[in-house]
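Peer 1: Below are the chains, spelled out letter by letter.
Protein chains: 2
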Amino acid sequence: MIDAFAAILDGPGVLTGADIGPRYTNTRGHGVAGTPLCVLRPKSTIEVSHILKLCHDVGQAVVPQGGMSGLVGGGAPLGGEVVISLERMNAIEEFDADGRTLSVQSGVVLQTAHEYCEERGFMLPLDLGARGSATIGGVISTNAGGVRVIRYGMMRESVLGLEAVLPDGTILSSMNKMLKNNAGYDLKHLFIGSEGTLGIVTRAVCRLRPKPRTVNTAFVGINDFADVVAFLGYLESVLGGELGSFEVMWQGYDAFVRERCPSLRPPLKAGYGFYVLIETLGNQPDSDQGKLEQILADALERGLVADAALAQSDQQRAAFWAIRENAGEGFRTLGPMVSFDVSMPIKSMGTFGERITASLFQQYPGSTCLVLGHMGDGNLHVVAAVGSGTAEDKERVNDTVYSVIRDLGGSVSAEHGIGTEKKDYLSWSRSPPEIALMQTLKRAIDPKGILNPGKIF
Amino acid sequence: MIDAFAAILDGPGVLTGADIGPRYTNTRGHGVAGTPLCVLRPKSTIEVSHILKLCHDVGQAVVPQGGMSGLVGGGAPLGGEVVISLERMNAIEEFDADGRTLSVQSGVVLQTAHEYCEERGFMLPLDLGARGSATIGGVISTNAGGVRVIRYGMMRESVLGLEAVLPDGTILSSMNKMLKNNAGYDLKHLFIGSEGTLGIVTRAVCRLRPKPRTVNTAFVGINDFADVVAFLGYLESVLGGELGSFEVMWQGYDAFVRERCPSLRPPLKAGYGFYVLIETLGNQPDSDQGKLEQILADALERGLVADAALAQSDQQRAAFWAIRENAGEGFRTLGPMVSFDVSMPIKSMGTFGERITASLFQQYPGSTCLVLGHMGDGNLHVVAAVGSGTAEDKERVNDTVYSVIRDLGGSVSAEHGIGTEKKDYLSWSRSPPEIALMQTLKRAIDPKGILNPGKIF
Numbered sequence: 001m002i003d004a005f006a007a008i009l010d011g012p013g014v015l016t017g018a019d020i021g022p023r024y025t026n027t028r029g030h031g032v033a034g035t036p037l038c039v040l041r042p043k044s045t046i047e048v049s050h051i052l053k054l055c056h057d058v059g060q061a062v063v064p065q066g067g068m069s070g071l072v073g074g075g076a077p078l079g080g081e082v083v084i085s086l087e088r089m090n091a092i093e094e095f096d097a098d099g100r101t102l103s104v105q106s107g108v109v110l111q112t113a114h115e116y117c118e119e120r121g122f123m124l125p126l127d128l129g130a131r132g133s134a135t136i137g138g139v140i141s142t143n144a145g146g147v148r149v150i151r152y153g154m155m156r157e158s159v160l161g162l163e164a165v166l167p168d169g170t171i172l173s174s175m176n177k178m179l180k181n182n183a184g185y186d187l188k189h190l191f192i193g194s195e196g197t198l199g200i201v202t203r204a205v206c207r208l209r210p211k212p213r214t215v216n217t218a219f220v221g222i223n224d225f226a227d228v229v230a231f232l233g234y235l236e237s238v239l240g241g242e243l244g245s246f247e248v249m250w251q252g253y254d255a256f257v258r259e260r261c262p263s264l265r266p267p268l269k270a271g272y273g274f275y276v277l278i279e280t281l282g283n284q285p286d287s288d289q290g291k292l293e294q295i296l297a298d299a300l301e302r303g304l305v306a307d308a309a310l311a312q313s314d315q316q317r318a319a320f321w322a323i324r325e326n327a328g329e330g331f332r333t334l335g336p337m338v339s340f341d342v343s344m345p346i347k348s349m350g351t352f353g354e355r356i357t358a359s360l361f362q363q364y365p366g367s368t369c370l371v372l373g374h375m376g377d378g379n380l381h382v383v384a385a386v387g388s389g390t391a392e393d394k395e396r397v398n399d400t401v402y403s404v405i406r407d408l409g410g411s412v413s414a415e416h417g418i419g420t421e422k423k424d425y426l427s428w429s430r431s432p433p434e435i436a437l438m439q440t441l442k443r444a445i446d447p448k449g450i451l452n453p454g455k456i457f
Numbered sequence: 458m459i460d461a462f463a464a465i466l467d468g469p470g471v472l473t474g475a476d477i478g479p480r481y482t483n484t485r486g487h488g489v490a491g492t493p494l495c496v497l498r499p500k501s502t503i504e505v506s507h508i509l510k511l512c513h514d515v516g517q518a519v520v521p522q523g524g525m526s527g528l529v530g531g532g533a534p535l536g537g538e539v540v541i542s543l544e545r546m547n548a549i550e551e552f553d554a555d556g557r558t559l560s561v562q563s564g565v566v567l568q569t570a571h572e573y574c575e576e577r578g579f580m581l582p583l584d585l586g587a588r589g590s591a592t593i594g595g596v597i598s599t600n601a602g603g604v605r606v607i608r609y610g611m612m613r614e615s616v617l618g619l620e621a622v623l624p625d626g627t628i629l630s631s632m633n634k635m636l637k638n639n640a641g642y643d644l645k646h647l648f649i650g651s652e653g654t655l656g657i658v659t660r661a662v663c664r665l666r667p668k669p670r671t672v673n674t675a676f677v678g679i680n681d682f683a684d685v686v687a688f689l690g691y692l693e694s695v696l697g698g699e700l701g702s703f704e705v706m707w708q709g710y711d712a713f714v715r716e717r718c719p720s721l722r723p724p725l726k727a728g729y730g731f732y733v734l735i736e737t738l739g740n741q742p743d744s745d746q747g748k749l750e751q752i753l754a755d756a757l758e759r760g761l762v763a764d765a766a767l768a769q770s771d772q773q774r775a776a777f778w779a780i781r782e783n784a785g786e787g788f789r790t791l792g793p794m795v796s797f798d799v800s801m802p803i804k805s806m807g808t809f810g811e812r813i814t815a816s817l818f819q820q821y822p823g824s825t826c827l828v829l830g831h832m833g834d835g836n837l838h839v840v841a842a843v844g845s846g847t848a849e850d851k852e853r854v855n856d857t858v859y860s861v862i863r864d865l866g867g868s869v870s871a872e873h874g875i876g877t878e879k880k881d882y883l884s885w886s887r888s889p890p891e892i893a894l895m896q897t898l899k900r901a902i903d904p905k906g907i908l909n910p911g912k913i914f
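Line by line, the protein sequences give chains A and B. Under the numbering used here, think of the first position of the first sequence as 1, with each following residue one higher. Under the numbering used here, think of the first position of the second sequence as 458, with each following residue one higher.
Derived from the structure by calculation, the hints contain no laboratory data. Among the clues, some could well be false.
What the hints assert, rightly or not - Straight-line C-alpha distance at most 25 Å; calculated BS3-like pairs for lysine-lysine:
{"#": "1", "chain 1": "A", "residue 1": "Lys394", "chain 2": "A", "residue 2": "Lys423"}
{"#": "2", "chain 1": "B", "residue 1": "Lys905", "chain 2": "A", "residue 2": "Lys211"}
{"#": "3", "chain 1": "B", "residue 1": "Lys905", "chain 2": "B", "residue 2": "Lys880"}
{"#": "4", "chain 1": "B", "residue 1": "Lys880", "chain 2": "B", "residue 2": "Lys851"}
{"#": "5", "chain 1": "A", "residue 1": "Lys53", "chain 2": "A", "residue 2": "Lys43"}
{"#": "6", "chain 1": "A", "residue 1": "Lys347", "chain 2": "B", "residue 2": "Lys510"}
{"#": "7", "chain 1": "B", "residue 1": "Lys510", "chain 2": "B", "residue 2": "Lys905"}
{"#": "8", "chain 1": "B", "residue 1": "Lys905", "chain 2": "A", "residue 2": "Lys448"}
{"#": "9", "chain 1": "A", "residue 1": "Lys53", "chain 2": "A", "residue 2": "Lys423"}
Said to hold, decoys possible - If you want the ones that stay clear, here's a sample from chain A, every Cβ over 10 Å from chain B, calculated:
{"#": "10", "residue": "Gly13"}
{"#": "11", "residue": "Pro262"}
{"#": "12", "residue": "Ala358"}
C-beta: ideal position from N, C-alpha, C; glycine also.
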């Protein structure tokens, strides 16, 4: 096999043995990677096609890899697979200002695409913490979310067309550039969010948006959950399309930040029930900041919010976001932790926070349970540290949180996917007919089961 | 079979013979309908499931029907099928203001859903001319587009979850209410836009948006196509999310309206190369109209636009839209006509208009070729009247227009779908591997081929 691959790829395209660096087996703490047969680094779609044809003929398992920033082990080899890393397929192929599209190979790093677009007055809306390593192919294959979903949707909404290689090596080129195309089934959705189990995405056409002219960021303190929901509704109604982020941190998270993250500086006093980071993306440099100030003043007057701070500089804006995104120094003091990425109807979130915190504390007195997330999207993250890292306790913590999610009709994975880490819980938020249909699709498109086996199902 | 259906449904649920009214065979001029075996009008998902189980057992073909407003014959029986009309499944099941969702049965008429939401301060963004008859299930199954796609996307973007019955009667309930849910494959996309060939949509959760507080509408005259493109880019950059519609009418359409549509009153003088109807959806009642006025004044000063009129009343706004939407009185004077719904990269639209007009005129001197559409979405409609309605001439006109579309990398169907009317041209904008994969999906999900046979493929 290795010889056959070497005939397809150039020298640096085939890595074996000790040449396989840690990049290709990095699970970021989510599961344990096995040793792959080899790592292949193709430079073109046709090379990917040749590789898959060979693997398909002999039933060789394949794991596609993007930037390896995933948090559910979706890109990690389990042992014996051929890893196909798209990292060298990193060309920006075409920028169309009139059509507001960017065509790229799938190994382009998200931040590279961001910078390319911003220099030209546009934005690729998807943004997330791992922007410096995540690739376009990776965020497509996982249908990534992030901090601007309430305004622009998940990655799915920013993909107009794509090219994928099917398990048997067939190249499926659907590089559509139009907002509207109803000529037959919209096949791209098979490959978006299916975590590399149905095809390997090699190129994509992304939808761009005009770069907003203004960004305004505020930090708000609110006492009751009902008021958080009402405040979100109020902002949606007065800001319409301009609300870019609505991130909520529960009181316990704020207390944790004050205690364990000395580098972070919360702008409001302690003790509010909830802290909300909001950001507006507007187009009126003269008036947008004043408009948000007025909206916050109205919300204060109505009693919807208890306190508010509006960022007055880029530095202050970054400091607000750091509270939401950069609590790593504190997390490291917690010992073993289990993290969650769940979604549920917005109105159920208050109940969710109360129930999981109480239930974990009852089982593990002294445990820490931090709740925060993209509330405007119905998406919360939870960090639970119960003082034990055993498999048994991890399972108990998982069962505790996911059983509440199941009762509330939520999802065990809002944006991270299933990978290997959440396989056991897929059936907690998808029904037997849904899972059966997923398997029907998998069998129809990948009858030999060579593409990313052991993931999702 | 009829007896078996009668055992499942109530009396008015089964129509046969002369009781089958014209509603069920109305092709709206697109193709010829055959006589169905019977028409079934279930009132619940479980009834749809029982019907499909029976049909699946004996290999009986089925045609699902919504509001019968489609323009490609997708809902018309070809002869001998069981028609399943969802018209009696018209309950609005749940409205969630906090989660901004509306859960409905699929027979709810679009306009009914609009009015229900608007009374509560929200909007279901999808809007199109057939709003009074089209149903939610129908606009989902066809992934309908319409006049607000540039702002809110196609129907696909407004569907959070759905319930569908598979060909064998399996009920697939994926009534997700969250913006984010990456727990396994996102199966709803199989049923959105597949024109009833993979499952029958019975219920849906729609994403609502806050109802905009202001609507401002303008009619603009522009001389060169390059300026139309530049004007669109300018509006996108200064208006961001507030641009709701960008509809362009070519000069020939304006001349036609003046000559053949006496009830319409164009607000600008004749002779500009292009007329653009723009609409903004905003949230600042005090300033939005003034803002648009200023933007138009700037565009006039820069020479991007030659003339502009801003609607000063709802009546004037309706009169502007009537020019775009209500030219039926004129169309009826044209004799036989062939109409198109195509998409292409925006920058190619000028070339497209020139090439098809010239080519048709060369083949049919004196022919009329009207070009207009949702330019902001890459979508144009064409009405061609060549003085003949023979099948041969229709094919020649189709070939003429679609060959230009093929050369420009466009789509033979932007928003209407394929149905029976565009089957012969599917391969002009989709490749053999794409069509093969569509057929793989069809075989995997509907191995007996009972669901809407003869459509798309």
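Peer 1: Confirm or reject each hint.
Peer 2: Against the structure, the hints:
Under the criterion of a C-alpha separation no larger than 25 Å, the hint pairing Lys394 (chain A) with Lys423 (chain A) is consistent with the structure, at around 14 Å. A distance of roughly 50 Å separates the Cα atoms of Lys905 (chain B) and Lys211 (chain A); the hinted pair therefore is violated under the 25 Å criterion. Restraint check for Lys905 (chain B) and Lys880 (chain B): satisfied, since their Cα atoms lie roughly 20 Å apart, inside the 25 Å limit. Restraint check: the Cα-Cα separation between Lys880 (chain B) and Lys851 (chain B) comes to about 14 Å, which is no more than 25 Å; the hinted pair holds.
For the given pair, Lys53 (chain A) sits about 16 Å from Lys43 (chain A) by alpha-carbon distance, which is consistent with the 25 Å threshold. Pair hint Lys347 (chain A) plus Lys510 (chain B) does not hold up; C-alpha atoms about 38 Å apart against a cutoff of 25 Å. Between Lys510 (chain B) and Lys905 (chain B), the direct Cα distance comes to roughly 12 Å. Compliance with the 25 Å bound is thereby established for this hinted pair. The straight-line distance between the Cα atoms of Lys905 (chain B) and Lys448 (chain A) is roughly 23 Å, inside the 25 Å bound, and the hint therefore holds.
Proximity of Lys53 (chain A) to Lys423 (chain A) is assessed by CA-CA distance (about 28 Å); at most 25 Å being required, the pair is judged violated. The claim that Gly13 (chain A) lies off the interface holds: its Cβ sits roughly 25 Å from the closest Cβ of chain B, which is beyond the 10 Å cut-off. With a closest Cβ-Cβ approach of about 32 Å to chain B, Pro262 (chain A) is found to remain outside the 10 Å limit, as its non-interface label requires. Once the 10 Å rule is applied to beta carbons, Ala358 (chain A) is consistent with being away from chain B; the minimum gap is 23 Å.
This entry does not satisfy hints 2, 6 and 9, going by the numbered hints stated previously.
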